[in-house]
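Enquirer: Here are the chains, one letter per residue:
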Amino acid sequence: MALAPRRVAAVALAVILIIGVGIGIATSIHVGSSGASPTPTMALSGLIGSEKLPFFQDQRVIDALARGGFVVNVRTAGSRQIAQSDLSKLDFAFPAGVPAAQKIKNDHPGSTIYQPFYTPMVIASWKPIVNLLLGAGVAHQRGGYIGLDMDAFIKLIGKGTRWSDLSGNTDYQVNKSVLITSTDPRTSNSAAMYLSLASYVANGDNIVQSDPDVNTVMPVVSPLFLKQGFVENSTEVPFDDYLVQGMGKSPMVMIYESQYITRAASKDGSITANMQLMYPEPTIFSKHSLVALDDNAKLLGEFLSSDPGIRQLETEFGFRTSDTASFKKFVSDNALPVPDSIVSVIDPPTYETLEKMITRLEQLYTNG
Amino acid sequence: MRRPYLGDIGRRLGVIAAVAVLAASATACDSSGASPVVDPNDPNTLTVLAGSEVKDIVPMLDDLRAATGVTLSLSYSGTLEGAERIDGGEQVDVAWFSLGNYLKLLPNAGKRVVASNKIMLSPVVIGVKQSVATRLDWAGRPDVTWKDVQTASASGSFKFAMTNPASSNTGLSALIGVATALSGSSDAIDTGKIDTAALKDFFKGQVLTAGSSGFLADDYVRQQANIDGIVNYESVLMSLNAGSQLTEKLSLVYPKEGILTADYPLMLLNSAKQPAYQKVVGWLLDPKQQRRIMTDTNRRPAIPGVALDPKFPTTTLVSLPFPSRLDTINSLLTTYLDQVRRPASAIFVLDLSGSMNGDRLDNLKHALTQLTGLDTSVTGQFSRFRAREDVTFITFSTDVNDVRTFTIDDTNPNGPDMSAIRQYIDGLDAGGSTAIYSALDRAYSVVGTSVSNDPNRLYSIVLMTDGESNTGDSYGNLQSKYQSLPANVQAVHVYPILFGEGAVSDMKSIATLTGGTVFDAKTTSLDQIFKQIRGYQ
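Those sequence lines, one after another, are chains A and B. Residue numbering for the first sequence follows our numbering, starting at 1 and increasing by one per position. Residue numbering for the second sequence follows our numbering, starting at 1 and increasing by one per position.
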C-alpha cells in the first residue's frame, strides 16, 4: 500500500489543519532522543493547494520532514485563492500552478520559487470511449499510451457533437454532449490548467497573451465549462465520481496524472480493466511551486527538491521529480500505463491573462 | 391565556428545533436517536442538520459512537429549507442532505462548506407496477425514456406519485432530470431551454404529491390501487419491493436519457470540529460500513473497491448534469408550481374558538398572510399560494362559521387576488366553542363537490386548532362519514397542526384515519409549519 487510507477531502476555504503539530513534535522528540538528528526543528506554516494535503498528512512524509528538521503546518485553499490571500503570517505558499506562484513572487520581493515536483494533466476515460475517439480520428495510439489531439477534440466539441453522434457507437449511446468533466475554473487549479490548455489550442496553438486573444478564445473555451452545469471545487471529487459512478457519470475527466498513479499503485481495486488514461496533445504540467517567503522556507524548498528520501515519497505520491530514473522505476515496478517522458508540453499564460479569462467565465456563470 | 411564541423564541436563541412531521405512520416516524442533552461545544459532538432521508442511518450511530467516540446529534429539515437556514447563518457543525448542490450554490451557505465527502449513493428513478410496465411495453426494456413517460402520462395511461420539488430532493432531482431530457439535449439546463409544454404533458400524470420522500412512499402504499408508479430513490423502491406492503411489485425504470443521483455529502461547516468530522467520515467510508449501508438501506457505496451487491442492476447509469445557476433552478421550480403541475385546491380549516384570541390568532394570521407572497425567502418564494390554485378557508368555533374560496389568477403579492386573501384573514375574529369534527365533515363535503366537478386537481385539508373538540360531531361521527365517502374523496388527507392545547392523540387519529400526518407547531413556529405543509399541498 503506497497510500494512507482514504483521505478526507478538504474542499474549501481557509481550513486550518493542524496536521504537523502533535505528531511532528512527538517525532522530533523521538528523533532528538535517539540523537540521530543534529538539525534544530523549524516550525513552518504554509498555504497549499488541497491536492497536496494527502502528501503532507502522510506519516512517512511527516517523519521525513522531521528528519530534515521541519514541522510543517498547512492550510488548504484553491490556487487562485492562494494568490489572492494575505500571506504575511506564513512562511510559504504552495500552489499547484506556475501562474499563481509567479503572482505571489511578484508580490513578495525576495521570495524564491522552488518546483520540487510536477504532474501532467491527463484525461481519465474508458476503453469504449477511447475506441470511439480513436475511430473518430481524434485520439491516437502512441505505443504504450493514448494521445488525444486537443485541437481536433475541441473542434469536435465546438460542433456540438454528442456521444450518440459518433459513428459506430454501440457502447455509449448517450445524448449528452461530448465534454471533459472538470472542476470549477473559478476556484480550482486543475480547471485552470484545462482552461490554459484549451485556450492555447483555441488561439491557434499560441499562448493567450493579449486582450484580442482573450476575445478570440472565450467563445470556444467557455462552453467547455458552462455546458457541464454544476462543477465541484476540489479535484478529488470528479475523480472519485469517475472511480465510483463509472462511465455513465464521467466518460472523460480532467485530472492530475498523480491522482491516477497513486490509485493504480495502491492496488486497492479502484482502477479496473475498463479504465484508460489519455494524454492530451499538447498537454500542460501542473508544476507544484513552493514560494518561499523567508529563509526557513527556502530550506524547505531545497529539501523537498533534493533530499532523496522525500523525493522517493514524492514519486510514490505519483509526482514526477527531477529524478526521472526513480519515476521510471516506480512506473515499471507497478506496471502503470504511463509514458516515461512527455514531448508536447505547453506553458500556461501569465497570471494576469489567466485571471482575465477566469473573470470572463465568472461573469458568464453569474449572468448567463 | 397568553403564551409566549415558543417557536420564535427558540429560533432567536439559535436552538435547532427538531422539525415537524410527527409520526402518523411508521416510516415517517421522527425519533432520531439523538442523545437528549447535547453540548454543542463538546469536540466529540457534531450537531447535524440533515434531510429526513438519512434517518435510516440512525441505527448505525451507536456503533459510530462506540468506534469513534463521536456523537451525532441530528435534527431534520427539507433540502431547500435546510440550505436556506444554513445560508442564513444557523449554527450547526455539519449539514447532511441527499444532495449538496443547491446548498453549495447559495452565496453564504456555499462559503461555509469547509469539507464535503459523499457517503452513499442512490439514483432517483421511477418505480412502475409490473402490470403497468407490461401494458406500456416497458417491462425489461433498458431504453425507456423520460419522453416515453411523458407520452404515457399525457395520454392518461400512466399515473404517478412524486414529491414536491421545492420541498424534497427526489422531486427536485426528477424535475431537473425531466426538464433536461425534454429540453432536447442532455446538457445542463438553463432557463431559456425549459420546455413548459412538454413538462405540462409529463406532469399531467402526477396525481400524488408530498413534502417528503418517506411520506410519499407511505401514501403510495395507501393508494396503490389507483396509481401506476412512483418517483423515488432506488433505495426506497427496493425497500418497498422487499417488504410486504405492496399488492404488486415495482419494476425500476432508469430513463435512458439519464438520471440524477443523490450522493449524501456530509458537509463540514464548523472547522473547529474537523477532527471529529474526519473520524466520522473515516468510519462511514470504511468498506465494512459501506457494505452495511448497502445491505441495510439499499444505497450504493460511495467508495471504489466495494463490490456492488447483485441486487443492483449493473447497467451503466447515465447521469444528467445539475444546473450551475441558482436562478435556473428557481425558475424551473416556479414554472413547475405555477404552470406545470396539477393545480392545488388547498382547504384550511381554522379554529376561531375563544382560546385562539390574542397571540395565537395573531400568529395564525401572520403565518397565512406570509403565504400571499410577503415572505421573500427561498422557502417563502416556493410556499406561497400559486397561480391556478383554489384556497378555501373554513372557519369554525361552536359550528362552522364561514366557507370562503379564493382563486389565484394573479400571483403578484400586491395584486387583487393576494390582497383579497389578506383582507379576509385580517378580518378573522375568535370566540365560542370548538367543533372540530363538524368542521372536518364540512371540509369533506366541500371537497366532495369540488372533486366531482374537477377531479384533476390536487386536494388537501389542513386542520389548525389549539384545543379539543367540545361540541358538535364526535370523532366516531367523522370516522363513519369518512368511511362512506367515495374513494377519490377519501384520498384527500387531513394534515392536522398540533398547537396550543391541541390533543396529540386526537390529531394523530385524524391523520391516521385520512392518511395525513401531524405537524408540530408547539416546538416550531406556525410560519415555518405552514411553509412545510405547503410542500404537501
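The set of hints was computed from the structure by calculation and includes no laboratory data. For glycine and all other residues, C-beta sits at the position ideal for the given N, C-alpha and C. Each hint should be verified, as a subset may be incorrect.
No farther apart than 30 Å at their CA atoms in a straight line, the calculated lysine-lysine pairs in the DSBU-like style are these [what the hints assert, rightly or not]:
#: 1; chain 1: B; residue 1: Lys193; chain 2: A; residue 2: Lys249
#: 2; chain 1: B; residue 1: Lys481; chain 2: B; residue 2: Lys508
#: 3; chain 1: A; residue 1: Lys227; chain 2: B; residue 2: Lys200
Here's a subset of chain A near chain B, in silico, CB distances under 10 Å, partners left out [as the list claims (entries may be wrong)]:
#: 4; residue: Asp86
#: 5; residue: Lys159
#: 6; residue: Gly168
#: 7; residue: Gln173
#: 8; residue: Leu179
#: 9; residue: Gln228
Enquirer: When the structure is checked against the list of hints, which entries are broken? Sort them ascending.
Expert: The structure conflicts with hints 4, 5 and 6, although it agrees with all the remaining ones.
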